[in-house]
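Undergrad: Sequence:
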Amino acid sequence: MKTNKPKYSENSGFKVPKDYFENFEDRMIRRLEEQEAVKLPVNESGFSVPDGYFESLDEKILKRTKDNTPTRVINLFKKEYLFYAAAVAAIFILMLGNFFQTESDQPIGWDDVEISAMENYIDEGYDMGFIDLNTSDYSEFILKDGKLIDDSDFYSVNSEAVIDYIDENIEDPTYILE
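Just so it is clear: in the sequence shown, position 153 is 356 by our numbering, and no numbers are missing.
No lab work stands behind these hints: they were computed from the structure.
Just to be clear, a hint being listed does not mean it is correct.
Here are the simulated lysine to any residue pairs, SDA-like style, with alpha carbons at most 20 angstroms apart [what the hints assert, rightly or not]:
| hint | residue 1 | residue 2 |
| --- | --- | --- |
| 1 | Lys266 | Tyr256 |
| 2 | Lys263 | Val252 |
| 3 | Lys281 | Ala293 |
| 4 | Lys269 | Glu258 |
| 5 | Lys263 | Val276 |
| 6 | Lys281 | Val291 |
| 7 | Lys282 | Lys269 |
| 8 | Lys218 | Arg230 |
| 9 | Lys269 | Lys281 |
Since we're looking at a predicted model, the values are computed, not measured.
Could you build all of it, start to finish, from the sequences and the hints given here?
TA: Okay, structure coming up:
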(Lines of atoms letter the chains of each structure in order from A and count residues from 1; the text may use other names and numbers.)
(Lines give C-alpha, C1' and ligand atoms only; values in the text may rest on other atoms or scores of the structure.)
Protein backbone atom coordinates (compact mmCIF):
# COMPACT_ATOMS: atom_id res chain seq x y z
CA MET A 1 0.00 0.00 0.00
CA LYS A 2 1.25 3.49 -0.78
CA THR A 3 2.19 5.81 2.01
CA ASN A 4 0.75 9.28 2.09
CA LYS A 5 3.44 11.52 0.72
CA PRO A 6 3.17 15.30 0.83
CA LYS A 7 2.46 16.99 -2.47
CA TYR A 8 5.51 19.16 -2.28
CA SER A 9 8.91 18.12 -1.07
CA GLU A 10 10.37 19.70 2.02
CA ASN A 11 13.55 20.57 0.15
CA SER A 12 12.04 22.73 -2.56
CA GLY A 13 14.91 25.21 -2.71
CA PHE A 14 13.00 28.20 -1.37
CA LYS A 15 13.55 29.04 2.26
CA VAL A 16 12.03 31.82 4.34
CA PRO A 17 13.33 32.81 7.79
CA LYS A 18 11.10 32.10 10.77
CA ASP A 19 8.54 34.81 11.61
CA TYR A 20 9.15 36.45 8.24
CA PHE A 21 5.51 37.02 7.37
CA GLU A 22 4.39 37.95 10.89
CA ASN A 23 6.00 41.39 10.88
CA PHE A 24 6.22 41.81 7.11
CA GLU A 25 3.66 44.65 6.93
CA ASP A 26 5.38 46.71 9.60
CA ARG A 27 8.75 46.35 7.94
CA MET A 28 7.30 47.28 4.54
CA ILE A 29 5.64 50.43 5.88
CA ARG A 30 8.83 51.54 7.67
CA ARG A 31 10.87 50.97 4.55
CA LEU A 32 8.47 53.01 2.41
CA GLU A 33 8.55 55.87 4.93
CA GLU A 34 12.33 55.88 4.95
CA GLN A 35 12.60 56.11 1.20
CA GLU A 36 11.79 59.32 -0.49
CA ALA A 37 8.31 58.92 -1.81
CA VAL A 38 7.73 59.94 -5.36
CA LYS A 39 5.27 62.75 -5.27
CA LEU A 40 2.74 62.77 -8.03
CA PRO A 41 2.08 66.13 -9.63
CA VAL A 42 -1.24 67.70 -8.88
CA ASN A 43 -3.47 67.12 -11.84
CA GLU A 44 -4.59 70.55 -12.87
CA SER A 45 -6.92 71.11 -15.74
CA GLY A 46 -5.84 73.31 -18.59
CA PHE A 47 -9.15 75.13 -18.41
CA SER A 48 -10.20 77.72 -15.91
CA VAL A 49 -13.66 78.97 -15.04
CA PRO A 50 -14.31 82.53 -13.92
CA ASP A 51 -15.56 83.08 -10.40
CA GLY A 52 -19.35 82.90 -10.08
CA TYR A 53 -19.77 81.42 -13.56
CA PHE A 54 -22.04 78.57 -12.56
CA GLU A 55 -24.18 80.84 -10.38
CA SER A 56 -25.31 82.91 -13.37
CA LEU A 57 -25.33 80.05 -15.89
CA ASP A 58 -29.01 79.18 -15.37
CA GLU A 59 -30.09 82.73 -16.14
CA LYS A 60 -28.03 82.88 -19.32
CA ILE A 61 -29.46 79.61 -20.60
CA LEU A 62 -33.04 80.66 -19.88
CA LYS A 63 -32.53 83.97 -21.71
CA ARG A 64 -31.33 82.18 -24.83
CA THR A 65 -34.10 79.58 -24.85
CA LYS A 66 -36.93 82.08 -24.30
CA ASP A 67 -36.14 83.75 -27.59
CA ASN A 68 -38.90 82.36 -29.86
CA THR A 69 -37.73 83.66 -33.19
CA PRO A 70 -38.76 81.28 -35.95
CA THR A 71 -35.90 79.40 -37.47
CA ARG A 72 -35.64 78.06 -40.95
CA VAL A 73 -35.57 74.26 -41.23
CA ILE A 74 -33.43 72.80 -43.98
CA ASN A 75 -34.37 69.26 -44.97
CA LEU A 76 -31.54 66.87 -45.57
CA PHE A 77 -33.43 64.93 -48.24
CA LYS A 78 -35.74 66.67 -50.64
CA LYS A 79 -38.77 64.77 -51.87
CA GLU A 80 -37.92 65.69 -55.43
CA TYR A 81 -34.64 63.81 -55.21
CA LEU A 82 -36.45 60.72 -53.93
CA PHE A 83 -38.85 60.85 -56.88
CA TYR A 84 -35.95 61.20 -59.30
CA ALA A 85 -34.14 58.25 -57.72
CA ALA A 86 -37.29 56.10 -57.87
CA ALA A 87 -37.81 56.98 -61.55
CA VAL A 88 -34.20 56.10 -62.41
CA ALA A 89 -34.50 52.79 -60.53
CA ALA A 90 -37.75 51.93 -62.36
CA ILE A 91 -36.20 52.70 -65.75
CA PHE A 92 -33.16 50.60 -64.87
CA ILE A 93 -35.34 47.64 -63.86
CA LEU A 94 -37.41 47.89 -67.04
CA MET A 95 -34.27 47.99 -69.18
CA LEU A 96 -32.88 44.90 -67.43
CA GLY A 97 -36.19 43.11 -67.92
CA ASN A 98 -36.15 43.80 -71.64
CA PHE A 99 -32.48 42.89 -71.95
CA PHE A 100 -32.87 39.42 -70.43
CA GLN A 101 -36.20 38.64 -72.08
CA THR A 102 -36.12 35.52 -74.21
CA GLU A 103 -38.61 34.84 -76.93
CA SER A 104 -39.44 31.44 -78.30
CA ASP A 105 -40.03 31.12 -82.03
CA GLN A 106 -41.82 27.79 -81.61
CA PRO A 107 -45.44 27.83 -80.48
CA ILE A 108 -46.39 25.62 -77.57
CA GLY A 109 -48.42 22.55 -78.54
CA TRP A 110 -49.89 19.41 -77.00
CA ASP A 111 -46.61 17.59 -77.47
CA ASP A 112 -44.94 19.96 -74.98
CA VAL A 113 -47.36 19.05 -72.17
CA GLU A 114 -46.42 15.96 -70.21
CA ILE A 115 -48.91 13.12 -70.04
CA SER A 116 -48.62 12.95 -66.26
CA ALA A 117 -49.61 16.62 -66.04
CA MET A 118 -52.73 15.91 -68.11
CA GLU A 119 -53.58 12.90 -65.96
CA ASN A 120 -53.19 14.93 -62.79
CA TYR A 121 -55.37 17.69 -64.22
CA ILE A 122 -58.14 15.25 -65.09
CA ASP A 123 -57.91 13.38 -61.76
CA GLU A 124 -57.90 16.52 -59.63
CA GLY A 125 -60.67 18.10 -61.67
CA TYR A 126 -62.78 14.96 -61.31
CA ASP A 127 -62.10 14.72 -57.56
CA MET A 128 -62.99 18.36 -56.96
CA GLY A 129 -66.09 18.23 -59.13
CA PHE A 130 -64.89 20.54 -61.91
CA ILE A 131 -64.85 17.76 -64.47
CA ASP A 132 -67.81 15.39 -64.62
CA LEU A 133 -66.96 12.29 -66.61
CA ASN A 134 -68.86 9.05 -67.02
CA THR A 135 -67.54 5.74 -68.32
CA SER A 136 -68.35 6.57 -71.90
CA ASP A 137 -66.25 9.73 -71.59
CA TYR A 138 -63.36 7.75 -70.13
CA SER A 139 -63.57 5.15 -72.86
CA GLU A 140 -62.96 7.86 -75.44
CA PHE A 141 -59.55 8.47 -73.87
CA ILE A 142 -58.49 4.82 -73.69
CA LEU A 143 -57.13 3.36 -76.90
CA LYS A 144 -55.59 -0.02 -77.45
CA ASP A 145 -53.97 -0.68 -80.80
CA GLY A 146 -55.90 2.22 -82.31
CA LYS A 147 -59.21 0.81 -81.07
CA LEU A 148 -61.36 2.39 -78.37
CA ILE A 149 -61.86 0.34 -75.23
CA ASP A 150 -65.29 0.36 -73.54
CA ASP A 151 -67.10 -1.56 -70.77
CA SER A 152 -68.01 -4.47 -73.03
CA ASP A 153 -64.34 -5.37 -73.37
CA PHE A 154 -64.17 -6.17 -69.64
CA TYR A 155 -67.20 -8.49 -69.42
CA SER A 156 -65.23 -11.54 -70.47
CA VAL A 157 -62.34 -11.04 -67.97
CA ASN A 158 -61.90 -13.82 -65.43
CA SER A 159 -62.14 -12.44 -61.87
CA GLU A 160 -59.45 -14.85 -60.59
CA ALA A 161 -57.00 -13.55 -63.20
CA VAL A 162 -57.73 -9.99 -62.08
CA ILE A 163 -57.13 -10.86 -58.41
CA ASP A 164 -53.87 -12.64 -59.29
CA TYR A 165 -52.74 -9.63 -61.31
CA ILE A 166 -53.55 -7.28 -58.42
CA ASP A 167 -51.71 -9.51 -55.92
CA GLU A 168 -48.58 -9.53 -58.05
CA ASN A 169 -48.51 -5.86 -59.07
CA ILE A 170 -49.87 -3.96 -56.06
CA GLU A 171 -47.56 -3.73 -53.06
CA ASP A 172 -50.13 -2.49 -50.53
CA PRO A 173 -53.02 -5.01 -50.24
CA THR A 174 -55.30 -2.46 -48.55
CA TYR A 175 -56.05 -1.03 -51.98
CA ILE A 176 -57.82 -4.28 -52.88
CA LEU A 177 -60.38 -3.77 -50.11
CA GLU A 178 -61.19 -0.22 -51.15
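Undergrad: Quick check: which numbered hints come out false for this structure?
TA: Violated: hints 5, 7, 9.
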